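2 protein chains.
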Amino acid sequence: MVTIKQVAEYAGVSVATVSRTLNDSGYVGKESRRKVEEAIKVLGYYPNEVARSLYQKSSKMIGLLLPDISNPYFPLLAKGVEDYAQQNGYMVILGNVEDNADKEDMYVKFFSQYNISGVLSAASGKRKNNDRVPYVLLDRALEEENYSISTDDRLGGKLAGQAILESRGQNIIVMAGPRHVSGANDRLSGALSVLNAAGASYRVFETETFQVDRAEETAQRLFDTFKSFDSVIASNDVYALAVMKEAIKRKYRIPEDIQIIGYDDMLFSRLMYPGLTTIAQPAYEVGFKGAEMLVNLIEKKVIIDKKVKLKPELIRRDSLR
Amino acid sequence: MVTIKQVAEYAGVSVATVSRTLNDSGYVGKESRRKVEEAIKVLGYYPNEVARSLYQKSSKMIGLLLPDISNPYFPLLAKGVEDYAQQNGYMVILGNVEDNADKEDMYVKFFSQYNISGVLSAASGKRKNNDRVPYVLLDRALEEENYSISTDDRLGGKLAGQAILESRGQNIIVMAGPRHVSGANDRLSGALSVLNAAGASYRVFETETFQVDRAEETAQRLFDTFKSFDSVIASNDVYALAVMKEAIKRKYRIPEDIQIIGYDDMLFSRLMYPGLTTIAQPAYEVGFKGAEMLVNLIEKKVIIDKKVKLKPELIRRDSLR
DNA sequence: ACTAAATGTGTAATCGGTTACAGATTGAGG
DNA sequence: CCTCAATCTGTAACCGATTACACATTTAGT
Numbered sequence: 001m002v003t004i005k006q007v008a009e010y011a012g013v014s015v016a017t018v019s020r021t022l023n024d025s026g027y028v029g030k031e032s033r034r035k036v037e038e039a040i041k042v043l044g045y046y047p048n049e050v051a052r053s054l055y056q057k058s059s060k061m062i063g064l065l066l067p068d069i070s071n072p073y074f075p076l077l078a079k080g081v082e083d084y085a086q087q088n089g090y091m092v093i094l095g096n097v098e099d100n101a102d103k104e105d106m107y108v109k110f111f112s113q114y115n116i117s118g119v120l121s122a123a124s125g126k127r128k129n130n131d132r133v134p135y136v137l138l139d140r141a142l143e144e145e146n147y148s149i150s151t152d153d154r155l156g157g158k159l160a161g162q163a164i165l166e167s168r169g170q171n172i173i174v175m176a177g178p179r180h181v182s183g184a185n186d187r188l189s190g191a192l193s194v195l196n197a198a199g200a201s202y203r204v205f206e207t208e209t210f211q212v213d214r215a216e217e218t219a220q221r222l223f224d225t226f227k228s229f230d231s232v233i234a235s236n237d238v239y240a241l242a243v244m245k246e247a248i249k250r251k252y253r254i255p256e257d258i259q260i261i262g263y264d265d266m267l268f269s270r271l272m273y274p275g276l277t278t279i280a281q282p283a284y285e286v287g288f289k290g291a292e293m294l295v296n297l298i299e300k301k302v303i304i305d306k307k308v309k310l311k312p313e314l315i316r317r318d319s320l321r
Numbered sequence: 001m002v003t004i005k006q007v008a009e010y011a012g013v014s015v016a017t018v019s020r021t022l023n024d025s026g027y028v029g030k031e032s033r034r035k036v037e038e039a040i041k042v043l044g045y046y047p048n049e050v051a052r053s054l055y056q057k058s059s060k061m062i063g064l065l066l067p068d069i070s071n072p073y074f075p076l077l078a079k080g081v082e083d084y085a086q087q088n089g090y091m092v093i094l095g096n097v098e099d100n101a102d103k104e105d106m107y108v109k110f111f112s113q114y115n116i117s118g119v120l121s122a123a124s125g126k127r128k129n130n131d132r133v134p135y136v137l138l139d140r141a142l143e144e145e146n147y148s149i150s151t152d153d154r155l156g157g158k159l160a161g162q163a164i165l166e167s168r169g170q171n172i173i174v175m176a177g178p179r180h181v182s183g184a185n186d187r188l189s190g191a192l193s194v195l196n197a198a199g200a201s202y203r204v205f206e207t208e209t210f211q212v213d214r215a216e217e218t219a220q221r222l223f224d225t226f227k228s229f230d231s232v233i234a235s236n237d238v239y240a241l242a243v244m245k246e247a248i249k250r251k252y253r254i255p256e257d258i259q260i261i262g263y264d265d266m267l268f269s270r271l272m273y274p275g276l277t278t279i280a281q282p283a284y285e286v287g288f289k290g291a292e293m294l295v296n297l298i299e300k301k302v303i304i305d306k307k308v309k310l311k312p313e314l315i316r317r318d319s320l321r
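Protein chains in written order, with full-length UniProt numbering: chain A, 1 to 321; chain B, 1 to 321.
Don't read these hints as lab results, they were simulated from the structure.
All figures in this text were calculated on a predicted structure; none of them were measured in a lab.
It cannot be assumed that every hint is accurate.
As the list makes no split between identical chains, a pair holds if one copy fits it or if it spans any two.
[As the list claims (entries may be wrong)] Computed list of lysine-lysine pairs in BS3-like fashion (alpha-carbon distance at most 30 Å, straight line): (1) Lys5 with Lys109; (2) Lys57 with Lys249; (3) Lys309 with Lys289; (4) Lys249 with Lys227.
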């Protein structure tokens, strides 16, 4: 690796001058600048970020904490983060924390060992942000006064409820996601508020997990528990799919006999037959805007909103009448 | 942040002694060790990796280059990498390179600026590995003599071909993935070898991309191009799904009229109705073993196989007769 | 022409670790 | 009791950058 010292030597100036040229800081004479630029080009020099970040006590890296990369929602979010970061000269460090507070702590410690300049967290943990590092919450707006980007899940729930009402759902099953996921509660309460206002008749089906492997079994249980219903508001697309599969297996027609609405809009939701009507969450945008907010925080720019809520959107396909 | 200097001071020894205690290197007296450990505990000290890596010219970070995180195959792979890394004290830096050689170069440069100790790449680019950093290829075993972990795609293709033959495919369409993806070629040639050996009649349908948004359109084109066929070997699960959807839309029954086999085994493949029979790729394992190989390379342990090929597996569900 | 401000440059300290080297102490063997 | 090796420990150099400070040289203003 070529160092600043070698550049200085080649250019016939001191390392300070090279550094000033690199960072456009302080005064640098015309001729010196030319010689330094020449040397940099000839030697193919680029600065060592480790040395830089040792002195600055901060590197151009941001940490991204995810509860589960294999859940299809998060890769999209990660892509948004990565795109913004990359465009602004930051690197993303990935941490898969699996709803495990210890793992989360471990990562936060790791991060600080590497002088990471900020953290983006979609993980559940309520960190007491005693470390001075900028922290932005993704998709988990807690009550406290921290920065966050999230989807308006209550609105999403309302949208789903409205869509079902508009397509004349009479006998509705509302699947409630796990209680400990705050977004799931908001969706439920949003949906119920609309249903209640319209005086519709519905029943709530509790599911205790978002785990994919349990989806099929849960769908079976739903059909076994409730005899007759004509509409299902699923807690997410994976469950919607499982319900759809079970419905078709049991010879119901979709949407004629049973209509279904999902939540998330995963890529396969439109590849189903019939296409799944669902509430799209702007996962990519959550990631992108989260990264933007974090970088602004790091670079101490003004931030208008501490808490940004993005709007979900109804995607009409064929699983509603 | 508490530094080694403060620890030394508190313990009443020199920084060298603290460092020796931390790294179990050189001689450290019993009493000194005790005092240092005490001080570390009291002060809550943990070493700054940036400083360490500046001197060592290598950090405990590995770079992971992915062509597209939003493609559902890669998150699983990433999880495998992340799990192994985390268990062995390494951090993972994510780079989404999108089949873009410039972006890949940019990342490799980024990585070297951060003294990254190794790179795991699932990206297409054939890097002239002139940098001395350990490099392991994931799922892209090139001819050259570099390290790699990949799936035996030829075998996967054969498995698919055999499965179709066993379920009495008469008139087979084989979808060829993009030519520039080496794995896609291997699958194709594997499938064809089996089909040829059996003297089966088939036609090859070329697709030029693995992009998800093009899947539906491609499936329509397939049906428009070929009048009659009873079996499809799809280039991956997304395409298999799109073909299934189009088939159902056109009132074909699956698997009675048309049977379909996919490739990858994505999570939604079993949530379809009918469940998609497919060739499962051990994505998680590719990631995990790749990380293992890389870490062994970094730590200069002996490596038995430079090129590891993992076996794909047939997952029987309901889309074959 | 004379002073003050603006500009240009190099030396050395600093960031927080690791380690070569030297000097001190202890212990074993003769 | 002496010698030599083994064991401990501290000082200082080093990793590759940034920057405070001192000093030199221009430039501007009167």
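- [ ] Any hints from earlier that this structure breaks? Give me their numbers in increasing order, please.
- [x] The structure breaks only hint 2.
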